[in-house]
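A.B. asks: Protein chains in written order, with this note's numbering: chain Z, 1 to 423; chain S, 1 to 363.
Think of the hints as simulated: they come from the structure by calculation, not from any bench.
Hints should not be assumed to be uniformly reliable.
[Said to hold, decoys possible] In silico contact screen, one side only, chain Z against chain S (beta carbon under 7 angstroms); selected entries:
#	residue
1	I200
2	L202
3	R322
4	A323
5	K325
6	T333
7	P341
8	S343
[Said to hold, decoys possible] Stretch-level coverage of chain S by chain Z, calculated; a stretch enters the list once three of its residues show a Cβ under 8 angstroms from a Cβ in chain Z:
#	segment
9	70 to 82
10	350 to 359
Built from N, CA and C at the ideal position, the CB exists for glycine as well.
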Amino acid sequence: MSDATQSGPMLAADGTPLKKSLARSLRRRKLRALALVAPLLLFVLLSFVIPIISMLFRSVENGIVSETLPMTVVELQHWDAESGELPEEALYEAFIRDMVVAVDAKQHTRLGTRLNYEQTGMSSMFRKSGRQIKRIDPEADGPFKDKLIEIHEGWGDVDTWRVIKTHAVPITNGYFLNAVDMQRTPEGAQAQPEDKRILIKLFGRTLFMSLIITGSCILLAYPVSYLLANLPMRVSNMLMILVLLPFWTSLLVRTSAWKVMLQQQGVINETLVWLGLVADDARLVIINNQFGTIIAMTHILLPFMILPMYSVMQTIPITYTRAAKSMGATNWTTFWRIYFPQSIPGIGAGSILVFILSIGYYITPEIVGGTKGVFISNRIAYHISSSLNWGLAAALGTILLAVVLLLYWCYDKIVGIDNVKLG
Amino acid sequence: MSNDAAFVEFQHVQKSYDGEILVVKDLNLSMPKGEFLTMLGPSGSGKTTCLMMLAGFETATHGEIMLDGRPINNIPPHKRGIGMVFQNYALFPHMTVAENLAFPLEVRNIGKDAREEKVRRALDMVQMGAFGSRRPAQLSGGQQQRIALARALVFEPELVLMDEPLGALDKQLREHMQFEITRLAHELGITTVYVTHDQTEALTMSDRVAVFDDGRIQQLAPPDLLYEEPENSFVAQFIGENNTLEGVIKSINGDECVVALDDGSEIDAKPVNVHAAGDRTKVSIRPERVEFNKDRLHADAHTLKATVKEFIYMGDVFRFRLSVAGNDDFIIKTRNAPDAIKLSPGQEVEIGWLARDCRALDA
Chain Z
1 MSDATQSGPM
11 LAADGTPLKK
21 SLARSLRRRK
31 LRALALVAPL
41 LLFVLLSFVI
51 PIISMLFRSV
61 ENGIVSETLP
71 MTVVELQHWD
81 AESGELPEEA
91 LYEAFIRDMV
101 VAVDAKQHTR
111 LGTRLNYEQT
121 GMSSMFRKSG
131 RQIKRIDPEA
141 DGPFKDKLIE
151 IHEGWGDVDT
161 WRVIKTHAVP
171 ITNGYFLNAV
181 DMQRTPEGAQ
191 AQPEDKRILI
201 KLFGRTLFMS
211 LIITGSCILL
221 AYPVSYLLAN
231 LPMRVSNMLM
241 ILVLLPFWTS
251 LLVRTSAWKV
261 MLQQQGVINE
271 TLVWLGLVAD
281 DARLVIINNQ
291 FGTIIAMTHI
301 LLPFMILPMY
311 SVMQTIPITY
321 TRAAKSMGAT
331 NWTTFWRIYF
341 PQSIPGIGAG
351 SILVFILSIG
361 YYITPEIVGG
371 TKGVFISNRI
381 AYHISSSLNW
391 GLAAALGTIL
401 LAVVLLLYWC
411 YDKIVGIDNV
421 KLG
Chain S
1 MSNDAAFVEF
11 QHVQKSYDGE
21 ILVVKDLNLS
31 MPKGEFLTML
41 GPSGSGKTTC
51 LMMLAGFETA
61 THGEIMLDGR
71 PINNIPPHKR
81 GIGMVFQNYA
91 LFPHMTVAEN
101 LAFPLEVRNI
111 GKDAREEKVR
121 RALDMVQMGA
131 FGSRRPAQLS
141 GGQQQRIALA
151 RALVFEPELV
161 LMDEPLGALD
171 KQLREHMQFE
181 ITRLAHELGI
191 TTVYVTHDQT
201 EALTMSDRVA
211 VFDDGRIQQL
221 APPDLLYEEP
231 ENSFVAQFIG
241 ENNTLEGVIK
251 SINGDECVVA
261 LDDGSEIDAK
271 PVNVHAAGDR
281 TKVSIRPERV
291 EFNKDRLHAD
301 AHTLKATVKE
311 FIYMGDVFRF
321 RLSVAGNDDF
331 IIKTRNAPDA
341 IKLSPGQEVE
351 IGWLARDCRA
361 LDA
């Protein structure tokens, strides 16, 4: 009754503002929805989000130097790394005191391993010195400078102290610099020596091969998707099952099957030799190189291209092509001017999916890629499980994640994420 | 070419999709140039299939389709030069309105200037001159419909096919577009084949209507004949409102016959497709031709006793539902005139009609 005369916010029947009243009535529903998703949310948080964040944090975390050698790090502040002269006795004393504690706690080998990433030889130096430092009494046995150099001549090298000082910071960009073939030096970031620069090349190769894989997926998937979308239901269902069949087979089995197919004594080579198309001593090398990776990954990722393409093509009504033809357009003009432009969102969705999947792919390149056909993810796996340089692995992973997110963002800007349809 | 020569002709056309069922059975149809012909029928009656065969998107299983004297069975759709309007308009969503209209001209290699001139004229023709740069999605249903029409006409085809083009519009817009389409078709002198399942549309727009059912043309006639003189009970039932009474022919006397209804009462009728006494028949009578004012009937006319079941006030007309000879859905309509008689439910009346208004059709 008072609606016409009242000013200010709309009121509910009992006089509370309508917005507040609405929010209260929706709160119950929201809480119930939250309770329903809570178990999954918790699981994802604990087993996925938190591990990933802690892993990403490792790419900058560098507390080990300052934690293991607290007094040394303080003394290093007073030493001028540019002078080219060895540190004073005070620093050696602090180092011995730190090391005695560290050796007791068996922390010195870990520190050695960490510093070994930056300069080879550090690991064994720490291990060897550790045993002898154990026998030194920091209260009585000074001065330590010459004693330490006697234990290992490395302690008399200015470079050793420069490395320790450079990496004494608790948060470092060193891993990221390593990930892009650079290193942290007292003079700032510098390029790695020529023979150590492999990661940028590997990033480039990963992107390049992913592009080729995406391209060949588009070429192979387009006609199949067109058939799927335009054949009668019964036939297209059958075709769809054939497309989905690989999903029901283990990835490892499919990749190994390619190994059987492509190797030098494999099905393809044997057939070609039998047909006389290839000489027995000149069998094709189509595995353990980039070619093998591209073939196997195109095959494995093909369904991810077909499905979005198909779902977009399915929504293009046949009346468009009919209308175009009734207006006098030939089959080709109809396809190119009318059908193809409308199928582009499908190509976009499939491409982004295949591309993102392939730049992070690991198993297939590992099995069929040899040394020339491996991806950046294989390098990450190597640092995780073999070299145990988790910091570098984390930095590489972070860069990869950033690249994917950037691509995703570009895609959202260009095609719009609402247009992605996966069936 | 003279006007009465057939411009579009179906000769014994049959169509089957699965080799078992004929969707179109022996279709024969001949249209002169400039005619507006509507194919009307329930869904599944084969009307759209006929249209698609004419457009070239379906091939006839048997028979010949002729356009302007040439058989077109083997001519692909894009060489037939037939304009087409689709039910969902089929405007290309990735092109502007002007680009949509220019498309048929472009594929005909018409120069840019001539193209723009024709597009402008076509847009003006449907009063959409200001919308050339819009996208189809930015237009309302009625506007899209106009553009679809303009696009089908812009390359000046002699034959235009329309597949339920007004199906998605609301009632008022539909009535307006019906008028627009017929006006344009007649002004431009194009031959039009129009498919619909809406009988009002068929009656108001067409020169002739072909009523389809079960793969055959049940009747092909101008709208007035179709309504007033249906040739069989399907057409009588399908077109307009209709009362049906079932019975047996008692006697035929030239243009009139007597039908004995199943409850024993007798009525006058006009024999249409009944042949001899003893034939079963369905008689058909339009609600507005039923008379319950005895003064207006012949003295010797047969009458039936009826009970009023319901009175429905519709403004311009009164509508009564009666129970007549065992049929509880017998409808009568009278005009709302100053002297109109209002019957009330429960009232008993006697109804009758002129024999020529009551058609004895096949059972």
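A.B. asks: Now look at each hint and say whether the structure bears it out.
C.D. replies: Structure-based check of all given hints:
no.	hint	verdict
1	I200	40 angstroms, violated
2	L202	40 angstroms, violated
3	R322	6 angstroms, holds
4	A323	4 angstroms, holds
5	K325	4 angstroms, holds
6	T333	6 angstroms, holds
7	P341	5 angstroms, holds
8	S343	11 angstroms, violated
9	70 to 82	holds (count 7)
10	350 to 359	violated (count 0)
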